[in-house]
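Participant: Kindly generate the complete structure, drawing on both the sequences and the hints.
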Amino acid sequence: KAGVTQTPRYLIKTRGQQVTLSCSPISGHRSVSWYQQTPGQGLQFLFEYFSETQRNKGNFPGRFSGRQFSNSRSEMNVSTLELGDSALYLCASSGWDRGSLEQFFGPGTRLTVL
Amino acid sequence: QKEVEQDPGPLSVPEGAIVSLNCTYSNSAFQYFMWYRQYSRKGPELLMYTYSSGNKEDGRFTAQVDKSSKYISLFIRDSQPSDSATYLCAMRKGGSNYKLTFGKGTLLTVNP
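Those protein sequence lines, which keep their order, are chains B and H. Residue numbering for the first sequence follows this note's numbering, starting at 465 and increasing by one per position. Residue numbering for the second sequence follows this note's numbering, starting at 2 and increasing by one per position.
Just so you know, these hints were derived from the structure itself, not from any lab. Some clues are possibly wrong.
With a Cα cut of at most 25 Å, we get these calculated DMTMM-like pairs of lysine to aspartate or glutamate [stated by the list, open to error]: (1) K94(H) - E516(B); (2) K43(H) - D561(B); (3) K100(H) - E6(H); (4) K94(H) - E6(H); (5) K100(H) - E566(B); (6) K521(B) - E46(H); (7) K43(H) - D67(H).
Facilitator: Here you go:
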C-alpha cells in the first residue's frame with residue numbers, strides 16, 4: 465500500500481506571499497490532518513478534514529486554511545506569509561485497521577519564508 | 002502547563018543498552034497513546050499504539066501506559082545505532098476527534 469505523499473517537499477517564499485501545499489492520503493483513508501512542526505513548539509495541530517468537511521481545528525490564525533477533495537486529497541493554504549511560518553508542514557492520513565485508528569504521516573513539506 | 006510533557010533530552014546511550022522514554026499528561030480525556038519515531042528530515046513513523054493501561058510489546062519495543070498516574074513510557078531493548086532518532090509521544094481523545102497532541106520529542110543517540 466502506498467504511503468502518504470506530500471508535494472512539494474521544499475518551498476522557499478518571501479513574506480507576504482501565499483503558498484499551497486498538497487497531501488495525498490493512503491488509499492481508503494478519508495481523514496487528513498495537518499500539523500506544523502517547529503523546533504520551538506514541536507508538532508502542533510492545524511486542522512482535520514473528513515469526507516471534504518473540516519471536522520476539527522487548532523489554534524492557528526485564519527491565514528491558515530485547507531480543503532479536501534472528493535478523492536480525499538487535501539490542500540493547505542497559507543496566505544500573507546510571515547517569517548514565523550517557516551516550518552515543516554506534515555500531513556497525517558487516518559484509517560481504521562483491526563479496531564485501531566492509525567495515523568500515518570507523510571514526509572512533510574519544508575517551508576522557508578525569507 | 003502543557004497538556005503533554007516530554008523530556009527533550011538529548012539522551013545518549015551505548016549500543017545494547019535499555020532505553021526508557023517517558024511522557025506525562027494532564028488531560029484525563031486522553032484515551033489513546035502512541036509513540037512515533039522521527040528521523041532527521043523525515044516525517045514521524047508510528048511505532049506503537051495503545052489504548053488501555055498496561056504493557057504492549059512489539060519486538061524490542063514495549064509501550065507502557067499508566068492512566069492513574071497519567072504517565073506513559075516506551076522501552077527499547079538491545080538498542081541499535083539505527084534507533085538514533087527523535088521519539089515523540091502522542092495522544093488523543095476518543096470519538097471522532099482525531100487530533101493528536103504531541104510531546105516535544107526526545108532526541109536519542111545510540112553509540113556503536
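Participant: A separate judgement is required for each hint: does it hold in the structure or not?
Facilitator: Checked hints:
| no. | hint | verdict |
| --- | --- | --- |
| 1 | K94(H) - E516(B) | holds (22 Å) |
| 2 | K43(H) - D561(B) | holds (24 Å) |
| 3 | K100(H) - E6(H) | holds (17 Å) |
| 4 | K94(H) - E6(H) | holds (16 Å) |
| 5 | K100(H) - E566(B) | holds (12 Å) |
| 6 | K521(B) - E46(H) | holds (23 Å) |
| 7 | K43(H) - D67(H) | violated (30 Å) |
The structure fails hint 7 only (numbered hints given earlier).
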